[in-house]
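Each chain is listed here by its residues.
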Amino acid sequence: MKTVAWFMILWLVLAYARVQLWKGREMQKLALAQAVKTRTTPAPRGIIFDRNSNKLVDNRRALHLVIQYEDLPRDTGQIEALAAALQTDPDQLKRRVAAIRQAAGNRMLVLQDNLDDGAVARAEVLRARFPFLSIEVAPRRVYLGEDLAGHALGYVGEVTPEELIKEPGRYQLGEIIGRTGFEAARNDRLRGVDGQRRILVDYLGREVATYGMQEAKPGRSVYLTLDAGLQTTLKEAFGQNQGAGVVLDLRDGGVLALYSSPSYDPNVFLNRLTQEQVKTYWENPDRPMLNRVTQGRYPPGSTYKLLVALAALEKGIITPNTTFTCNGHKSFYGRDFRCDAVHGTLNLVQAIAQSCDIYFYELGARLDVDDIYNTAKKYGLTEATGIDLPHEAVSRIPSREWKRRVKKEKWYAGETISVAIGQGANSLTPIALARFYAMIATHGKLLTPHLLYGVRQENGGEIDLFQPPPPRDTGLAPGIWSTLDEGLYEVVHSGTARESAVPGVTIAGKTGTSQVTSFVDKAHYASLSKKLRDNALFAGYAPRENPQIAFAVVAENAGFGASSAAPIVKKLVQYWFIDRVKKPLPPPGAKLPDAFRLDLEPGADEEPR
Amino acid sequence: MRERLRFLDSGLLLPMVLLVIMGTLTVYSAGRGTIQSTLWLKQTLWTGLGFLALAAVAAVSPLRIFRSAFPLYILGILSLAAVLVAGHRIGGAQRWLILGHMTWQPSELMKWLTLLFVTHRLGTRPLASVGGWDLAGACALVFFPMLLVLKQPDLGMAISFLPILLMIPLLKGLKARWVLAALVGVSLLGAFSWQKVLKPYQKQRVMTFLDPGADLQGKGYQINQSRIAIGAGGMFGQGFTSGSQTQLNFLPVKTTDFVFSVWAEERGFLGVLLALGLFGAVIMRILDTARVAKTASETYFCVGAAGIFALHLFVNVGMVIGLLPNKGIVLPFFSAGGSSTLSYFLGLGVVMSVRYRAKTK
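If you read the protein sequences in the order shown, they are chains V and C. The first sequence maps to residues 1 to 609 in our numbering. The second sequence maps to residues 1 to 361 in our numbering.
Source of the hints: derived by calculation from the structure; they are not laboratory data. Given the structure is predicted, the values throughout are model-derived calculations rather than measurements. Ideal placement from N, C-alpha and C gives every residue a C-beta, glycine not left out. Any given hint could be a false lead.
One side of the interface only, derived from the structure: several residues of chain C facing chain V at Cβ under 8 Å [said to hold, decoys possible]:
1. G11
2. P15
3. L19
4. L52
Output of the computed footprint for chain C on chain V, the stretches with three or more beta carbons under 8 Å from beta carbons of chain C [said to hold, decoys possible]:
5. 13 to 25
6. 30 to 41
7. 200 to 213
The list that follows gives simulated cross-link-like pairs (lysine to any residue, SDA-like), each with its CA atoms no further than 25 Å apart [unchecked claim]:
8. V:K55 x V:G77
9. V:K29 x C:S242
10. V:K55 x V:D265
11. V:K29 x V:Q196
12. V:K2 x C:M284
13. V:K37 x C:F240
Generate the whole structure from the sequences, applying the supplied hints.
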């Protein structure tokens with residue numbers, strides 16, 4: 001009997017020897033694998049300020065219901081059960097899990113973000129059923145201005161599985177990246193470096209202890225060239241009207257204000273939207289998601305006349321003193337072309353001031369379309385402006401080559417007549433239009449419009465100012481420049497935009513009126529009265545003697561340019577030069593003086609929230 | 001003092017004390033940071049009570065003990081009946097009686113009372129006059145409380161009644177060695193086929209037959225975590241209160257059924273050897289007592305007691321490492337629990353009483 005008992009014990013000993021000695025290492029690895037997890041601490045993105053340290057975009061802590069990469073369930077039954085519990089589409093969840101499995105990384109799949117108290121309680125209940133779920137703290141963007149500068153700022157969103165697969169290694173699973181606007185264009189400046197921590201979890205995946213911690217490095221604070229006050233003025237000037245407006249700083253091309261109406265509130269896109277909600281934004285006939293400043297191409301109307309004048313002067317077809325006579329209409333190539341009024345005999349400056357079409361028809365009849373195209377090319381209108389916003393559209397300037405390539409037809413000389421007054425195939429983005437007028441204001445310098453002003457060094461140090469590319473000199477002849485400048489001055493002084501004059505500030509600019517734009521819903525416009533189908537434009541610079549800003553404003557379906565776009569500019573100029581707190585702007589390249597830090601204590605803006 | 005306590009068998013007491021110390025430390029480690037953090041204190045109290053009970057029983061002559069076997073058996077049956085009628089339910093099983101501030105599991109003590117009564121009945125007859133009916137009666141005496149226990153339901157506990165029947169073949173003159181060899185052979189074969197031969201659905205059928213409503217998936221998880229814990233112990237163990245499986249609660253029911261996995265994880269293979277050696281010493285000492293016992297009843301009782309210990313050791317230690325199906329069965333001296341602790345000490349008290357009489361008369 002004793003032998004038998006010893007034999008039984010020996011058998012147990014052998015069994016334990018096998019598991020503990022033979023398989024010990026393997027079992028130790030299994031034990032470690034389920035107890036020690038690596039968690040990523042998402043780094044907050046850089047806080048965004050305007051040029052005067054007014055906070056535009058902030059971060060705050062939010063709770064998210066997530067599945068950590070290493071906890072992703074393999075059992076499809078569990079995914080289905082989870083989808084049922086979350087009341088989401090099981091197939092979609094399965095696809096997300098599968099896609100995320102393919103992409104390497106050790107972040108997480110966010111199921112519900114920005115949990116409120118009730119949602120946290122519900123999530124905790126879910127966690128009891130699905131132990132692979134966890135609740136993580138992660139920073140969340142807050143766009144303080146709401147729809148103040150939606151198109152300029154853009155918004156962020158989680159990197160999509162497709163993006164993870166397309167560019168392996170660039171992003172991490174669950175990373176929040178800029179989706180559009182400045183957030184997307186300068187994503188690399190705004191993103192921080194994620195921290196990592198190794199934690200001990202218990203059998204329910206609850207964190208028990210942390211060891212091995214690498215702090216997340218928040219993205220650096222970024223300062224925009226925008227001026228919140230001017231931006232607000234621009235937004236309010238538009239009100240319910242649709243259109244686009246942009247103001248450039250003539251010293252370096254910094255964008256002082258950029259507004260596309262209707263705007264959107266980026267905060268909306270931080271939430272997981274339903275298909276319905278997505279539709280109301282993306283399929284809205286008013287196109288709120290389109291950044292009209294950089295992506296909307298408008299027929300420039302009479303604002304284009306400056307380019308035509310420039311081409312004619314450079315070609316030597318006219319001198320500043322050349323006169324034509326306007327009888328209200330004239331026949332070219334067998335077709336009758338009309339003018340708004342009977343202007344009589346005028347020179348170039350008067351023609352610009354009165355926006356006389358006949359004068360420019362005469363130029364169109366003497367110019368080849370390729371002359372206009374080449375002038376446009378020389379003065380930067382055929383290229384993207386290079387503004388730091390994604391998906392900028394390039395203005396379309398017709399040429400013989402363009403028509404052959406796109407329309408498969410030859411160019412008819414009669415078409416040049418329409419082009420000469422800014423109708424026809426040409427269409428410009430407001431940002432390109434503003435840059436062209438900035439070129440005139442600066443005696444021929446092509447600036448690069450940009451939103452990035454500077455980036456604060458780590459730990460609240462100095463601000464490293466962004467150095468935009470140096471302006472390109474186009475070689476605009478001083479004699480030609482003075483004629484154009486005078487013409488633009490007369491527009492506001494004695495011409496079409498007289499009512500927009502601001503006492504004390506001399507504005508130089510050109511009005512324009514153009515027909516239906518290329519990107520709008522035609523059916524929608526057909527229902528409008530004819531007058532409202534026209535877009536109003538105003539582009540120029542101020543003050544004339546010492547230009548500091550250039551601008552371009554398009555008011556859609558607003559009728560005559562002088563009566564609707566120019567008043568918007570008047571408000572901008574009024575604010576910028578008169579109403580604004582009388583503080584001089586720091587020169588480009590200089591440090592931001594403390595005087596520009598309006599309502600913040602020193603260093604307070606560095607606190608990641 | 002030494003003279004006063006001379007009825008205590010130091011050869012049995014020493015491995016017992018060591019095992020109890022090891023067990024209590026393990027319960028302490030397993031309970032750390034959970035609602036069972038003070039369970040080791042409670043267990044220490046029960047152990048102290050157990051030693052007192054053991055001493056009290058050991059001081060009594062075995063003759064007097066066996067004389068009260070019948071009323072005790074009846075009392076035991078009544079307590080089991082009380083459990084079925086008015087027992088306390090925990091997790092679908094009705095196994096406990098509430099007595100004041102504590103719960104009492106009568107089946108633990110009933111195991112020993114049954115052993116006592118059956119060995120008493122068979123041992124007091126001349127061997128020649130023991131017939132088939134007597135054996136059948138003995139079986140009935142064992143099966144009746146077993147049935148009551150199965151009804152609770154408590155399969156593990158019911159199984160632990162079986163060693164009582166071990167002495168029946170001994171009566172018929174069979175060599176115990178062969179009987180045990182056959183028994184061990186059958187269980188080895190069963191364990192082997194359980195692990196390697198039977199298909200999962202076949203296992204499931206067996207388990208469903210034996211234990212309807214058992215959560216097989218959950219049990220599989222438990223065994224898996226237990227094997228990881230044991231394996232992670234390696235040669236020297238993770239150290240006292242340092243086993244990740246134990247401390248992070250990956251290990252289930254770690255103060256009772258899976259307490260030995262805690263010991264194996266934190267003390268390693270060397271600790272396992274020590275514990276198995278001490279259990280071996282306890283069983284050997286009981287069997288040695290069976291050899292020197294003065295009456296047949298006493299011999300039978302000791303063999304049965306050794307069988308009960310061996311079964312618990314084998315089934316529990318084999319179960320936590322996955323050799324045997326996952327059936328709730330406790331490990332003496334390690335698993336926390338008042339009823340079982342007190343019952344084991346009472347049983348061993350009888351064994352010591354037997355040895356003292358054998359040595360002194």
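Item checked: Enumerated hints in conflict with the structure, sorted upward -> Hints 1, 2, 3, 4 and 8 not satisfied by this model.
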